[in-house]
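K.L.:
Below are the chains, spelled out letter by letter.
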Amino acid sequence: MKGYRFVTGAVVGALTSATMMVAAQAAGYPTKPIELTVPYAAGGGTDLVARAYADAAKKHLPQSMGVVNKTGGAGAVGLTEIMAARADGYRIGMGTVELTMLPHMGIARFTADDFTPIARLNAEPSAITVNVDSPFKTFEDFLANAKANPGKVRIGNSGTGAIWHLAAAALQEKTGASFSHIPYDGANPAVTALLGNHIEAVSVSPAEVVNHVAAGKLRILAVMGDERSAAFPEVPTVKEKGIDLSVYTWRGIVVPKKTPQAVVDTLREASKATANEPAFKETLTKMNLTLAYADGPEFGEMIKKDNAFFKDLMTKLGMAK
Amino acid sequence: MSHSSGGTPGSGTPRSADLFAGAVVAAVAVAAIVVSGGFPTMAGLDTDVGPARFPIIYAGALLVLSAILVIGRLMPKRGAQAQSAQAAPAEPQAPAEAFRFHRVAIGVVATAVYIYMLSLIGYLPTTVVFLIGMMRLMGMRSWVRAPIIAVAVTAFLYLVFLYALQIPLPDGSLFETGEF
Amino acid sequence: MYEIDMLLQGFANLANEPLPLLLALIGVTLGIIIGVLPGLTATMGVAILLPFTFGMDPVSAILMLCGVFFGGIFGGSITAILLKIPGTPAAAATAMDGYALSQKGQAGLALGTATLSSCFGGFLSVFMLIFLAPLLAGIALEFSAAESFALAVFGLSIITSVSGDSLVKGLIAGFLGLLLSTVGLDPMAGFPRFTGGFNELLNVPFIPVMIGLFAASEAFKSLGQPETRAEVKVYIGRIIPPWSVFKGLIFTILRSSGLGIIVGIIPGAGADIASFVAYNEAKRFSKNPENFGKGELKGVAAAESGANACTGGDLLPMMTLGIPGDAVTAVMLGALTMQGLQPGPLLFKDHAGLVFTLFAGMLFCYAALLIIGLSSLRLMGKVLEMPRAILTPLILALCVVGAYAINNSMFDVGIMLAVGVVGFFMQRWDYPASPVVLALIMGPMAEASFRRALSLSGGSLDFLYTRPITLGLLTVAVITLALPLLRYFRGNGGNGPTADGATAGTVGSAK
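Chains as they are written, first to last, in numbering that gives the first Met the number 0: chain R, 0 to 320; chain V, 0 to 179; chain U, 0 to 510.
For reference, chain R alone in the conformation it holds in the complex (with noise of 0.2 Å):
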């Protein structure tokens, strides 16, 4: 696939770099295919989101995107490549909401100010989700009851210091309920672990249950980001509930800092062109994923955003180091 890409990709850019020209201000960039780093496995979403946009950049670019998977350390292997790549382009990044956390547990070495930030593609809210025979019918019901009986009512995430851990922690901070947090590894197994009645939530992202909501067999209570999920125009967002709290994960491309403004620019025309692309917004949605496009400086304004607030909600749980 790659190596036909890097074929094709030659040929449909030495036709097309004459008519096109996006790169015209970056003199000449891109002369050569472009390396798209993904810090997660192949087959998972981010991979699918960063492959679905390196097919459809192809035709906003003179060259082909390949993109190559640096997995381990729950990203920061792959981050930390990114970050350390050589500034001229050729190495981009997928950068994920981890890059924001991270750092803050001490084992990455970089931070969110390494990076630059070249476009948002998506992001989803967390939400609460119950079984459909849970007692709770709705979100109030469940805040009630984890206010009345500290620690009973348990939430599963996808591993500690991960982003619904920390989703369920900051809801827990700013409601003053307590919940028991339990980590899995990943968010499929704790929705199984739902499903079969183990806990009595997860603060997984819609996208992550759409298929057992569908189903009836999972019920999802509110959504914490700013306004209701379009795949689910019922459920209340938490803020109409009177909690001042929206946490999102998010996907989007990254280059290191050093990163020539006139490449950086490059990239970003050619990224809001490929979000607009129909099959990419296509897979995204096949994917049950949301676009949700942000150019640079949006998207760089939202990473600030998000480093200081998990810093602060880190060092609340004691995690920050």
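Source of the hints: derived by calculation from the structure; they are not laboratory data. Even for Gly, the Cβ is constructed at its ideal location relative to N, Cα and C. There may be inaccurate statements among the hints.
Taking lysine-lysine and the DSS-like style, the derived pairs with C-alpha atoms no more than 25 Å apart in a straight line are [stated by the list, open to error]: (1) R:K271 to R:K31; (2) U:K286 to U:K246; (3) R:K216 to U:K348; (4) R:K256 to R:K303; (5) R:K285 to U:K348; (6) U:K286 to U:K103.
Label pairs and their in silico Cβ distance ranges [stated by the list, open to error]: (7) V:T46 to R:A230: 31 to 37 Å; (8) V:I70 to R:N144: 54 to 60 Å; (9) U:I478 to R:R108: 44 to 50 Å; (10) U:G458 to R:N144: 19 to 25 Å; (11) R:K280 to V:T46: 40 to 46 Å; (12) V:S141 to U:N15: 52 to 58 Å; (13) R:R108 to V:T46: 30 to 36 Å; (14) U:Q8 to R:K310: 57 to 63 Å; (15) U:L345 to V:L158: 41 to 47 Å; (16) U:F424 to R:V131: 52 to 58 Å; (17) U:F130 to V:A104: 55 to 61 Å; (18) U:F51 to R:A230: 27 to 33 Å; (19) U:G196 to R:K257: 20 to 26 Å; (20) R:P235 to U:I468: 35 to 41 Å.
Add chains V and U to chain R, keeping to what the hints say.
P.N.:
Same frame as chain R, but now just chains V and U:
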């Protein structure tokens, strides 16, 4: 031995080897216990045994086991038996010739150098050289067959990984900026 | 009967459209190749192939992935038998008896038995998927952390039965593996343990360790062996076991398949666990357990049918409940979703025709595996005729690329080399490698499940004896542990803890 029956070159374990291995295992266990002592006891969850508990249990078991191994071997009777076992024919097929440790050592060092050079100057040149060298080490003296096989294998692996598995093998950090 | 009608309909659908069948064939072939290569697992094969399938129709896409999955699980056994290099973790159980059979000149018989057992296990598991899916799906949801912990303890208890003649050395290898399995982020608190500051060590480098332990150490050993050995005539011999031999294996295969299916259904447990569990039970039920590890055909049959029966078991909760039990099925779930099919109860209701076409295709995949497997075995056996001067360098080169491929990381290659050296000495000094693999598979599961169960129960240890499945599995684990210990202490009189060397020598010379 489930794993080495008939396949192990040396059929008995020398007493010194068991004592040495016992000491190494005990040292690893002690080191693990010392390091685990520095792990935080409660990291956020009050219904948890903490990150140190399991490593310490495992390391404790290793200490006991290495003690059993060493003590068992220090008993005089056991030593005598091991000596006789060691003296037994090393290789059922070829009892005459001894196991060549120096070749293993050369092979290990060569592999280490190969791996190091691979990250520097890339997969293709290093693998060809490594394969030719290893084949000569193994007794293949032909200057025709060895290079042909080496080049063919290297090219085959490179292409399979690049095209079929979409895994580009390293081009070498020295040539980072070069064209593909 | 509804299922039979639908299945026949499914076969008819496939017969009308040969493309999915062709892709399934390609998938099986690719899977076998991926399985044969050390380090490349079925999971990786499925993940790599996934983007290729996006443009295909659902049946073609899923069947091709199933082909890779099935072929990948089987392929690992070929090198395990011929060279004692398991291509996948599951094949580590096959290597124990398979390689011993090769040494006796019965490589062909071992390979043939492995192929037949794999396919039988696979067929049975697919039939189970067709006829009993709704009935068995519930097992997956019964399994919470407490049950997973008990399963892991049971798995670890198997170390005693794969330790060979020296229980102490087997246990040392096992506990070293367990200690190694605690390297990385601690499963509950997220604290980095024994990483020395390397991000690469935040996860246990399981695959590089396995390649080093089995393949690299074997290559190093081969470097030191005198050349004369290469001239020894090795032959493949008969491939398909005679009926009189196969008859004796039927019960083993049936039992192992049943175990494999159940292990597959359990979330978090895959083919590697299934093959060891099946091997252990085959040994337990055998009249001659002492033959295991020395070339017992039943050991090969059990490990292989267990591992491949696991495939249908794995797919069951994924298709019926939409919950993937392991990494392979998580990727397959993604593939189904990308095809616009939402796995779960609705899949069987809304797309029954398609589901049964898939089932028919899976049966076809296993038929293809049987034919491709049996017909390629003689070719594969040629490996034995290859001069060691070519084979050994080739294995080392494969070790390097295999270790690199899993994470695209040179760090992993370094680990592979270091473990290879350790593995070389382990082999020379009679420390078995299988306990390390078992420990690396079960260790993380044991620790994470125990601590998760403790959190779930609010800090109480009640879960150890109040849950029937947990209690049952723990009891079986205690029995598994107690038997060899009993034998060991009884036989301790004249034959102390490290008397293994002499025994191994006897076996070798008796050859």
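K.L.:
Give a verdict on every hint.
P.N.:
Here is what the structure says about each hint:
1. Between K271 (chain R) and K31 (chain R) the CA atoms are separated by roughly 21 Å; this keeps the pair inside 25 Å, and the hint holds.
2. Simply put, K286 (chain U) and K246 (chain U) have alpha-carbon atoms about 16 Å apart, close enough for the 25 Å limit, and the pair holds.
3. A C-alpha spacing of about 15 Å is found between K216 (chain R) and K348 (chain U), which places the hinted pair at or below 25 Å, so the restraint holds.
4. Restraint check: the Cα-Cα separation between K256 (chain R) and K303 (chain R) comes to about 14 Å, which is no more than 25 Å; the hinted pair holds.
5. With a C-alpha separation of about 20 Å, the suggested pairing of K285 (chain R) with K348 (chain U) holds against the 25 Å cut-off.
6. Taking the CA atoms of K286 (chain U) and K103 (chain U), the gap is about 21 Å. The hint holds against a cut of 25 Å.
7. Hint check: T46 (chain V) to A230 (chain R), Cβ distance near 35 Å, so the stated range 31 to 37 Å holds.
8. Between I70 (chain V) and N144 (chain R), the C-beta spacing of about 58 Å keeps the proposed range 54 to 60 Å intact.
9. Our hint of 44 to 50 Å for I478 (chain U) and R108 (chain R) holds, since their Cβ atoms are close to 49 Å apart.
10. Distance hint check for G458 (chain U) and N144 (chain R): the Cβ-Cβ separation is about 20 Å, which falls inside the suggested range of 19 to 25 Å.
11. Distance hint check: the CB atoms of K280 (chain R) and T46 (chain V) are about 44 Å apart, consistent with the given range 40 to 46 Å.
12. For the hinted restraint 52 to 58 Å between S141 (chain V) and N15 (chain U), the CB-CB distance of approximately 55 Å keeps it satisfied.
13. Distance hint for R108 (chain R) and T46 (chain V): a CB-CB separation of about 33 Å, consistent with the stated range 30 to 36 Å.
14. In this structure, Q8 (chain U) and K310 (chain R) meet the distance hint of 57 to 63 Å, their C-beta atoms being roughly 59 Å apart.
15. A C-beta distance of roughly 43 Å is found between L345 (chain U) and L158 (chain V), which places it inside the suggested range of 41 to 47 Å.
16. A C-beta distance of roughly 57 Å is found between F424 (chain U) and V131 (chain R), which places it inside the suggested range of 52 to 58 Å.
17. About 58 Å separates the C-beta atoms of F130 (chain U) and A104 (chain V), a value consistent with the hinted range of 55 to 61 Å.
18. With their beta carbons about 28 Å apart, F51 (chain U) and A230 (chain R) fall inside the hinted range of 27 to 33 Å.
19. Separation of G196 (chain U) from K257 (chain R) is about 24 Å and conforms to the stated range, judged on CB atoms against 20 to 26 Å.
20. Distance hint check: the CB atoms of P235 (chain R) and I468 (chain U) are about 39 Å apart, consistent with the given range 35 to 41 Å.
In terms of the numbered hints stated before, the structure departs from none.
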